[in-house]
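> Starting from the known structure of chain A, fit chain B onto it as the hints suggest.
Sequences listed follow chains A and B, in order.
For the first sequence, counting from 1, position 110 maps to 110 in this note's numbering; every step adds exactly one.
For the second sequence, counting from 1, position 138 maps to 138 in this note's numbering; every step adds exactly one.
Source of the hints: derived by calculation from the structure; they are not laboratory data.
Remember, predicted model here, so these are calculated numbers, not experimental data.
Take the hints with a grain of salt, since some may be wrong.
Said to hold, decoys possible - Here are the simulated DSSO-like cross-link-like pairs (lysine-lysine), alpha carbons at most 30 angstroms apart as the crow flies:
1) K468/B <-> K120/A
2) K484/B <-> K468/B
3) K181/B <-> K58/A
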Amino acid sequence: MNPGNAKHEKKRLENPPAKFKLRIQRRQNEGAEVYWETFELPYRRNLNVISALMEIRKDPVTADGKTTTPPVWDMSCLEQVCGICTMVIDGKVRQSCSALIDDLLIDSGSDTVTLQPMSKFPNVRDLKVDRSRMFDHLKQVNAWIELDGSYNLGPGPQLSNDTAQERYAYSRCMTCGCCLEACPQYHEDNYIGPQAIAQARLMNMHPVGKMEMEDRLNGLLGEDGITNCGNAQNCIQVCPMSIPLTRAIYDTNRDITINALFGWLKK
Amino acid sequence: MAKALKIAIVGGGLAGLAAAMKIAEAGHEVDLISVVPVKRSHSVCAQGGINGAVNTKGEGDSPAKHLDDTVYGGDFLANQPPVKRMTDMAPEIIYLFDRMGVPFSRTREGLLDFRRFGGTLHHRTAFAGASTGQQLLYALDEQVRRWEVAGKVNKYEGWEMLSLVLDDHQVCRGLVAMELKSLDLKTFKADAVIMATGGPGLIFGKSTNSMTCTGSAVSACYQQGARYANGEFIQVHPTSIPGEDKLRLMSESARGEGGRVWVPRTDGDTRRPQDIPESERWYFLEEKYPAYGNLVTRDIATREIFQVCLEGHGVAGENQVYLDLTHIPAETLTERLGAILEIYEMFVGDDPRYVPMRIFPGVHYSMGGLWVDFEQRTNIPGLFAAGECDYSIHGANRLGANSLVSCVYGGFVAAPSAIEYATNVERENTETNGIYDDELKRQQEINDSIIKNEGAENQYKLHEEMGKWMTDNVTVVRYNDRLKATDEKLLELQERFKKISINDSNLWATQAVPHARQLWNMLQLARVITLGALNRNESRGAHYKPEFPDRNDEDWLRTTIAEYSEEAPVYSYESVDVSLVEPRKRDYSGGKARAVQVPQPGSELKPEGREAIWVKEGEKIIVGESIKD
Chain A
1 MNPGNAKHEK KRLENPPAKF KLRIQRRQNE GAEVYWETFE LPYRRNLNVI SALMEIRKDP
61 VTADGKTTTP PVWDMSCLEQ VCGICTMVID GKVRQSCSAL IDDLLIDSGS DTVTLQPMSK
121 FPNVRDLKVD RSRMFDHLKQ VNAWIELDGS YNLGPGPQLS NDTAQERYAY SRCMTCGCCL
181 EACPQYHEDN YIGPQAIAQA RLMNMHPVGK MEMEDRLNGL LGEDGITNCG NAQNCIQVCP
241 MSIPLTRAIY DTNRDITINA LFGWLKK
Chain B
1 MAKALKIAIV GGGLAGLAAA MKIAEAGHEV DLISVVPVKR SHSVCAQGGI NGAVNTKGEG
61 DSPAKHLDDT VYGGDFLANQ PPVKRMTDMA PEIIYLFDRM GVPFSRTREG LLDFRRFGGT
121 LHHRTAFAGA STGQQLLYAL DEQVRRWEVA GKVNKYEGWE MLSLVLDDHQ VCRGLVAMEL
181 KSLDLKTFKA DAVIMATGGP GLIFGKSTNS MTCTGSAVSA CYQQGARYAN GEFIQVHPTS
241 IPGEDKLRLM SESARGEGGR VWVPRTDGDT RRPQDIPESE RWYFLEEKYP AYGNLVTRDI
301 ATREIFQVCL EGHGVAGENQ VYLDLTHIPA ETLTERLGAI LEIYEMFVGD DPRYVPMRIF
361 PGVHYSMGGL WVDFEQRTNI PGLFAAGECD YSIHGANRLG ANSLVSCVYG GFVAAPSAIE
421 YATNVERENT ETNGIYDDEL KRQQEINDSI IKNEGAENQY KLHEEMGKWM TDNVTVVRYN
481 DRLKATDEKL LELQERFKKI SINDSNLWAT QAVPHARQLW NMLQLARVIT LGALNRNESR
541 GAHYKPEFPD RNDEDWLRTT IAEYSEEAPV YSYESVDVSL VEPRKRDYSG GKARAVQVPQ
601 PGSELKPEGR EAIWVKEGEK IIVGESIKD
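Just chain A, same shape as in the assembly (with noise of 0.2 angstroms):
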């Protein structure tokens, strides 16, 4: 048995408010001047961020008791595994879905919570971004295994359970762009960044993924390559899915390296 104690049980705001603020970011579409709008709703202990929002919309009266249009945001799975509703939570890039409200207020001390949309993508309206160069980041480093069909030609090749794991590490990557947020390098989609790295690696560990690693680091050594990293690792310290991104870098210009200094062999 497990022993379980106090440290494993939540800790909680001591002396709850009767309300507490939220204060937003919005914008009417990508052109317009951002504003702020300030909301005030009553405190329950399990709301998270995007509950809140939820309440807001349904009756979108802000704190100086002004009607207003509901504010736009994201949402899917609620559950931090589709990555959509990421924004900026209290001046942290993360889930608004895992964002419980306690724990904003017992770190911040405060009694309000600001969000604001992603600074790094356009900004379609409010806390809406559009993250569409994620996925065109994929194609550029052919992020799939190429297969010959997807007829029946039996079990893939036989893996250790620990390269398994290590790959599952990497291929947690929900795409949501904390890594692109949080990385000083990264403006102006000038730089493929992390995520784009990350599932390069997590091809190129694949025993038949990795036939195609060639490819696959020529997509890096452009000038949005990877030569961009700056080794300031904010990226690791905002993965939400903790994946090893600054490794997978390291790797990757590993792997460049030796392609370099040794590809000439295969020709």
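Frame of chain A; chain B shown alone:
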């Protein structure tokens, strides 16, 4: 090769992507329409694994046993030939995902590892940690991206289907969709359309489903003449984590790995669970079902938990029971269940490796869906369906880890079926001039009227009210008087819907207009579910009526079929093809009643009515006057 066909697929989860890959591989073109980027589809939420009788544990497992477990678990309501085809295909499907690079957990020999799941006594479930759905979806997403780069797949992400385009013979010729950012409408011409839009969990307000699972597009098909089958069969998952915004799933794999369900023997025991000794815990599932224990089927586990709480034995007198993993080494739990334990810890705060989880049943899955024949064809020629949005595999109750395999199977069957249809269809003088523009105009008018409406009702409050009524009255235990009252409530909500105002003066990227359209469609489908339940006076699988506690094969071994009419859904019933495994009483208290009847090849039957819809002459499928009656 003959001319490349254009096939539209609605939905980019496992079923939609499986179909897209197959169609692109066959050299044809796909328009893939999805409300979210396909990599964020609800399939990511599937946790525990994917079933296939690969039999690597020396247990003598076989596809025939998988078939038997599936139809027995489904209380014999599923047509058996497609189930057999699926269970036969399942090992190949798992191997294919293995080749695509899915990081499945493996044995010491480096082979695929399998775990146990509900409703079977075999290790039949392949898994990648506890986020198998995410991993399978990503593998297909990668393959489809490869076809996108090759120019075979055009993705329309952030688009929602509003309606089908039907020609004057009621044949599907494409669809109308709306870009969610701009609210612009566009017609998609297609030689065939495949629906792969998942389930309708949001009809119940809070469920384990993603916020995209409204069933809206399927409801639109139903309102245009597609048959909806077995709508009343809604799976309520025994173990979910109650939340303010949704019910988060706690995977069956927690029990597959040895998790035990219990409540304190003394009602209202206020001690911490760790401090309650073994002798003072009531492991009610293990007591009542010694052979299957905590791994009885979902419908049964759900009712037992529900009942225990109803009788006041829930933890702290509330609607919750313990799901306990703390007897399993913490490292083992981290490796095999890490992803789901993180979810619990993230949202509840306690660490389930050390503190038993508190869980309660939550709406999870729809066994019902669009009626399809054995080739995934709906009754509308040119319209196909696959995955949770079709009704075909799970009967009255779905077994855990059968959904992922059924999604892929459905996509793999729908794709060649759509290609065959589109290749061979003869369109005899069918007029298509104007049909696209007319449908587009009709949909634009609906949007305009929603935008113009200025009433006092708030659509999100209406949604909440619908969800509460549906959850209270149309889930675990059903009574006819309450079902009737629920239908009246739904009619009232439909009236009140006409008085909503969208409350958003900015139409750019507004969520109010799409939600209003989804809500209307949900209200339609809610009636199909509720009245289907009212009509079915028996108990079978997930459908349980205390007034009719037994399964009644004589009257009700039938598929419910609902067809749209303006007043109310019109119901008819179709016999079930039980040609492979003879129906027997479902009873999990001992071992499973033994009767694995090995299916004979070629003994599959065609469903009634199929020929009347799909008129085949030789190799040609003729779509014309003959189908009109």
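> Each hint should be assessed against the structure and marked as holding or not.
These are the hints, each one checked on the structure:
1. K468/B <-> K120/A: Given that 30 angstroms is the threshold and the Cα spacing comes to 40 angstroms, the pair is violated.
2. K484/B <-> K468/B: 15 angstroms, holds
3. K181/B <-> K58/A: 21 angstroms, holds
In terms of the numbered hints stated before, the structure departs from hint 1 and from no other.
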